[in-house]
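Protein sequences appear in the order of chains X and A.
Residue 231 is where the first sequence ends in the working numbering, and the numbering goes up by one at each step.
Residue 352 is where the second sequence ends in the working numbering, and the numbering goes up by one at each step.
Treat the hints as calculated values from the structure; they're not laboratory data.
Backbone N, C-alpha and C define an ideal beta-carbon position, used for all residues, glycine too.
It cannot be assumed that every hint is accurate.
To be verified - Simulated restraints on C-beta separations:
no.	chain 1	residue 1	chain 2	residue 2	range
1	A	Leu47	X	Asn171	32 to 42 Å
2	X	Ala144	A	Gly254	55 to 65 Å
3	A	Arg243	X	Ala57	22 to 32 Å
4	X	Ser143	A	Phe324	34 to 44 Å
5	A	Met76	X	Glu62	36 to 46 Å
6	X	Ser143	A	Ile229	19 to 29 Å
7	X	Ala60	A	Ile227	51 to 61 Å
8	A	Leu47	X	Asp24	22 to 32 Å
9	X	Leu190	A	Gly254	42 to 52 Å
10	X	Ser111	A	Leu279	42 to 52 Å
11	A	Phe290	X	Ser111	23 to 33 Å
12	X	Phe19	A	Gly254	38 to 48 Å
13	A	Ile233	X	Ala60	29 to 39 Å
14	A	Ile227	X	Ser111	25 to 35 Å
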Amino acid sequence: MIKFENVSKIYKDDFHALQDINFEIQPGEFLIVVGPSGAGKSTLLKMIYAAEAPTAGEIYFDNVPLSSLSKSKLPEYRRNIGTVFQDFKLLSRKTAFENVAYALEVSGCPKEEIKEDVPQILEIVGLGEKLNKYPHELSAGEQQRVAIARALIHKPLVIVADEPTGNLDPVASIEILDLLLKINKLGTTVVLASHDKAVVDKAAKRVICLEKGAMTCDTPKGKYKLK
Amino acid sequence: MWLTITRTFKEALHNFIRNGWLTVATVVVLIMSLYVVSTVYITTFIVNENLKNVQDKLSVSVYFKADTTEKTIEDAKDFFQKNSDVGDVVYVSKEQALENFKKYNANNEELMQSLEEIGENPLWPSLVVTANDSQKYEDIVGYVKSSPYREEISQINFDKTKDAIDKLNSIVKTTERTGITLIFIFSLIAVLITFNTIRVTIYAHKKEIGIMRLVGASNSYIRLPFIFEGFAYGLGSAIISMVILFLTLRFAPSFIFINVSGPISISSHDLLAFYWHNFFIILAIEAGMGIVLGVFSSLIAMRKYLKT
């Protein structure tokens, strides 16, 4: 489904963020990318949702090279991919409902559909009661649930989560992981970047290790084992 | 398309209200800018109008010798009228002049007494000549002095009033120039301040814009609410500054121009008449300026965050 082929990324000052990365993700897979900060996890994830372009190599999504997509096609492409971040990236002046609805509004989704889908998805992530709360009225874990709900609203093929538990306490972290596992079970491909050992070990899914931009391991049902 | 417009419009309305202080600050800056520019504009205009009124009242009196016949003076009048610089020529007969003199000096007993002692009318008949353009008096006087009637003329009072005319001409020019310069400077300041304020407003939305792009909003979808917002800033500020302008014109003159009288007078009544007479023009200029400022500042300020 997603294929990295000899992908490298070099930034302006000759910093090699990624070096010759090769791997493939199958539909419905749950992939965890581990590595210390600065190893290139975020860069790799950004390339999946086309926020960064590789300096060399090619990324394919369902056999379509991403470099062939025109700028105007990108917003449409990104709707295939839901994104979740460490800092949630919620619109602070919008309620939970409005935050999720916004993602539908921008794609011209009719009002009736929004009114039906948004409460449903918030129910799935366990926020059925907190539709009209603003982000600052929610706990960190709950804010991350809103972000996940927003990522799911387009019924994306892939969820890309960059350190989603980085700002959360251990209990909330495991709850978010459980939510991602549940989403995966329902058929959505998940790519999760994390350096949270507890999360990685509990997931017991395929692990790719990155160190200084290079891929150092690719193990099915891996554990977190960095020096 | 329609859905996009209504949605982004609603979005703008929400921003407008939820931004609170930022909205207030932006609107206040815009109001002040528009207000200052329009006040300077109106002041310049009124002062100029008044000066022009004074200019209209200027005239040159050509006095004829006491024994000149009425026929000769009438001929001279027709002759002067032929000059294209001359606007109007009015004949004032000896009798008329005496009557005027008596009227003006009715309270001066000494003068009235001596007038009676003389027994006859000591005044000269005259032609009062008005120019189309106050700058042309010198030419007109030259024309009169070289006319075939020069032998009949006893005196032309131009030399006395020449200084006054020159001074007035230079004042009119100076106010015009000062006004235009001031309007230009204040407009420039207004544009810069407004642009900067809106830039700050949009900077506050920097993170939001990033998130909007992230969830798949197109650039135009992100831009539209800000354009509506800029439009609302402009229109709202124009309307409020019109109200403040009205209050200023209504109440300020009585504070500022307490003792202004004589040939130049600025009264609240005149200002308000001017305001109502030009209401829609002023409103259109203010709203146009406000909206253009609001919308373009937003567009330029956003460009940076919408690249790639």
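Here's how the hints hold up against the structure:
no.: 1; hint: A:Leu47 to X:Asn171: 32 to 42 Å; in the structure: holds, 35 Å
no.: 2; hint: X:Ala144 to A:Gly254: 55 to 65 Å; in the structure: violated, 20 Å
no.: 3; hint: A:Arg243 to X:Ala57: 22 to 32 Å; in the structure: holds, 29 Å
no.: 4; hint: X:Ser143 to A:Phe324: 34 to 44 Å; in the structure: violated, 56 Å
no.: 5; hint: A:Met76 to X:Glu62: 36 to 46 Å; in the structure: violated, 56 Å
no.: 6; hint: X:Ser143 to A:Ile229: 19 to 29 Å; in the structure: violated, 54 Å
no.: 7; hint: X:Ala60 to A:Ile227: 51 to 61 Å; in the structure: holds, 59 Å
no.: 8; hint: A:Leu47 to X:Asp24: 22 to 32 Å; in the structure: violated, 46 Å
no.: 9; hint: X:Leu190 to A:Gly254: 42 to 52 Å; in the structure: violated, 29 Å
no.: 10; hint: X:Ser111 to A:Leu279: 42 to 52 Å; in the structure: violated, 30 Å
no.: 11; hint: A:Phe290 to X:Ser111: 23 to 33 Å; in the structure: violated, 47 Å
no.: 12; hint: X:Phe19 to A:Gly254: 38 to 48 Å; in the structure: violated, 23 Å
no.: 13; hint: A:Ile233 to X:Ala60: 29 to 39 Å; in the structure: violated, 52 Å
no.: 14; hint: A:Ile227 to X:Ser111: 25 to 35 Å; in the structure: violated, 48 Å
Checked against the numbered hints given earlier, this structure breaks hints 2, 4, 5, 6, 8, 9, 10, 11, 12, 13 and 14; the rest are met.
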